[in-house]
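Here are the chains, one letter per residue:
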Amino acid sequence: MGTETQSSIELPADVEQVLDDLLTAEVSTVGKDGTPITWPVVVQYRRESADFLLCTSIGMPGKIFNLRRSPKISLSYTDPTGSGLANPPIVLVQGTAELDSEVRTSVDGVEDFWVNKVMGPQPASKMMSSNPLMRWYMDVYYMRIYITVMPTRICWWPSGDYSEVMQSIEVNSYVG
Amino acid sequence: MWDEILDALEAHDSALLTGFDENGFPFSVRCMPMADRKNRRLTIELPRNADQIQPGKASLLMHSHNEDLWDLAQFLIRGTLVRTGDGHYFVPASTIGAPRPASGLDAIKTLRTIRHRGNAYLNHRNIERPSVPWDDIHRLQERAEEWRKQRKAD
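Chains A and B, in that order, give the protein sequences. Those letters in the first sequence? Residues 1 to 176, per the numbering used here, in order. Those letters in the second sequence? Residues 1 to 154, per the numbering used here, in order.
Check each hint, because a few of them may be wrong.
Stated by the list, open to error - Subject to a maximum C-alpha distance of 25 Å in a straight line, what follows is the list of computed SDA-like cross-link-like pairs (lysine to any residue):
#, chain 1, residue 1, chain 2, residue 2
1, B, Lys-149, A, Lys-32
2, A, Lys-126, B, Lys-149
3, A, Lys-32, B, Arg-41
4, B, Lys-57, A, Tyr-162
5, B, Lys-149, A, Pro-80
6, A, Lys-126, A, Gly-109
7, B, Lys-57, B, Lys-109
8, B, Lys-149, B, Pro-130
9, A, Lys-32, B, His-124
10, A, Lys-126, A, Glu-98
11, B, Lys-152, A, Arg-46
12, B, Lys-149, A, Gln-44
13, B, Lys-152, A, Thr-81
14, B, Lys-109, A, Gln-44
15, A, Lys-126, B, Asn-119
16, B, Lys-152, B, Asp-68
17, A, Lys-126, B, Glu-145
18, B, Lys-152, B, Glu-67
19, A, Lys-32, B, Pro-92
20, B, Lys-109, A, Met-134
21, B, Lys-109, B, Trp-70
22, B, Lys-109, B, Pro-130
23, A, Lys-32, B, Thr-113
24, B, Lys-149, B, His-124
25, B, Lys-149, A, Ala-124
26, B, Lys-149, A, Asp-112
27, A, Lys-32, B, Gly-97
28, B, Lys-109, B, Ala-11
29, A, Lys-32, B, Asn-23
30, A, Lys-32, B, Phe-25
31, B, Lys-57, B, Thr-43
32, B, Lys-38, B, Gly-79
33, B, Lys-149, A, Leu-133
34, A, Lys-126, B, Gln-74
35, A, Lys-126, B, Ser-64
If you are wondering where the hints come from, they were derived from the structure by calculation, not from laboratory data. Bear in mind that the values here come from a model prediction, so they are computed numbers and not experimental data.
Sequences and hints are given; from them, build the entire structure.
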């Protein structure tokens with residue numbers, strides 16, 4: 001299976017700001033019985049590769065199992081708490097997920113994800129490595145499977161409250 | 001389950017309804033479910049400009065966090081979205097999570113569950129336990145402190 005990414009996605013500045021600054025996105029995958037399962041997760045929008053990066057600990061593997069059955073995924077940006085933004089656009093990204101095959105603990109190449117999306121916005125996450133007991137007990141927190149979302153459509157509601165007509169772009173970035 | 005759902009509605013201003021669009025991709029929209037206590041279901045008014053969700057399997061997420069991405073509350077209701085002549089209602093089937101932020105004891109239980117599931121993931125696949133590069137983690141935590149200082153200064 002090959003992938004091909006377009007060099008950039010042209011989005012309005014306030015939509016890009018939402019993708020950059022909201023602390024979480026609500027990530028939806030398809031559960032075993034076909035029900036959409038949605039959970040808040042931190043996500044990094046990567047302009048240079050026109051994709052989205054997230055990961056999950058093997059201690060919370062539900063998304064992994066769901067995405068192995070169906071790669072269809074969506075990311076909703078609807079909660080601006082902690083972002084500093086007031087009434088930003090509501091943004092919905094639909095796409096296809098690619099999963100890394102291996103459990104990874106190295107942070108090489110994903111430093112910005114950890115600093116800007118996890119450790120920076122969530123100071124309490126430091127407790128997971130704060131002393132020898134926690135480092136022994138919660139090492140699984142740092143055992144991650146990374147997920148790359150290749151967007152197929154990005155929708156947004158400029159006013160942030162659905163009072164305006166939905167705007168959207170199709171993104172033909174995924175070639176299976 | 002119904003009492004937990006009522007508690008969640010009281011604790012959150014809105015919920016995120018997720019179903020599927022006509023292409024089979026998940027599609028989510030913020031809404032304000034109203035409890036129909038008599039029928040133990042939730043009445044949902046979909047916004048006119050975001051009504052692509054098809055009837056069928058759906059879920060409702062209510063979640064919150066503070067400015068430091070802590071005091072997390074995450075509550076998901078799985079169920080079915082039904083379209084009627086003049087609107088929609090949601091029939092709950094099961095729930096995941098808790099309507100309000102976890103207490104200290106609940107947080108400890110969550111950590112125990114994460115460790116248990118992580119160990120099971122490794123054991124079932126015969127994966128050797130990978131070591132964590134703690135020096136690298138601590139180096140990133142120092143960078144994160146700088147990130148926070150910079151963000152406050154901005």
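Hint-by-hint comparison with the structure:
1. Lys-149(B) - Lys-32(A): violated, 43 Å
2. Lys-126(A) - Lys-149(B): holds, 16 Å
3. Lys-32(A) - Arg-41(B): holds, 23 Å
4. Lys-57(B) - Tyr-162(A): Since the Cα atoms of Lys-57(B) and Tyr-162(A) sit roughly 23 Å apart, the hinted pair holds (cutoff 25 Å).
5. Lys-149(B) - Pro-80(A): Holds. Lys-149(B) to Pro-80(A) sits at ~20 Å (cutoff 25 Å).
6. Lys-126(A) - Gly-109(A): Holds, at roughly 20 Å.
7. Lys-57(B) - Lys-109(B): Measuring from Cα to Cα gives roughly 30 Å; hence the hint is violated.
8. Lys-149(B) - Pro-130(B): Roughly 33 Å between the alpha carbons, so the hint for Lys-149(B) and Pro-130(B) is violated.
9. Lys-32(A) - His-124(B): Cα-Cα ~19 Å, so holds.
10. Lys-126(A) - Glu-98(A): This hinted pair is violated, its Cα atoms lying about 28 Å apart.
11. Lys-152(B) - Arg-46(A): It holds: about 23 Å lies between the C-alpha atoms, which stays within 25 Å.
12. Lys-149(B) - Gln-44(A): holds, 20 Å
13. Lys-152(B) - Thr-81(A): holds, 15 Å
14. Lys-109(B) - Gln-44(A): violated, 29 Å
15. Lys-126(A) - Asn-119(B): holds, 21 Å
16. Lys-152(B) - Asp-68(B): holds, 12 Å
17. Lys-126(A) - Glu-145(B): Holds: Lys-126(A) and Glu-145(B) sit about 11 Å apart, inside 25 Å.
18. Lys-152(B) - Glu-67(B): Answer holds: Lys-152(B) to Glu-67(B) is near 12 Å, not above 25 Å.
19. Lys-32(A) - Pro-92(B): Satisfied, since the Cα-Cα distance of roughly 17 Å is no more than 25 Å.
20. Lys-109(B) - Met-134(A): At roughly 14 Å apart (the allowed maximum being 25 Å), Met-134(A) and Lys-109(B) satisfy the hint.
21. Lys-109(B) - Trp-70(B): Holds, at roughly 17 Å.
22. Lys-109(B) - Pro-130(B): holds, 24 Å
23. Lys-32(A) - Thr-113(B): holds, 20 Å
24. Lys-149(B) - His-124(B): violated, 43 Å
25. Lys-149(B) - Ala-124(A): holds, 16 Å
26. Lys-149(B) - Asp-112(A): holds, 16 Å
27. Lys-32(A) - Gly-97(B): The hint holds at about 18 Å.
28. Lys-109(B) - Ala-11(B): holds, 22 Å
29. Lys-32(A) - Asn-23(B): Cα-Cα ~19 Å, so holds.
30. Lys-32(A) - Phe-25(B): With a Cα-Cα distance of about 15 Å, the restraint between Lys-32(A) and Phe-25(B) holds, given a limit of 25 Å.
31. Lys-57(B) - Thr-43(B): holds, 15 Å
32. Lys-38(B) - Gly-79(B): Since the Cα atoms of Lys-38(B) and Gly-79(B) sit roughly 17 Å apart, the hinted pair holds (cutoff 25 Å).
33. Lys-149(B) - Leu-133(A): With a Cα-Cα distance of about 29 Å, the restraint between Lys-149(B) and Leu-133(A) is violated, given a limit of 25 Å.
34. Lys-126(A) - Gln-74(B): holds, 21 Å
35. Lys-126(A) - Ser-64(B): holds, 20 Å
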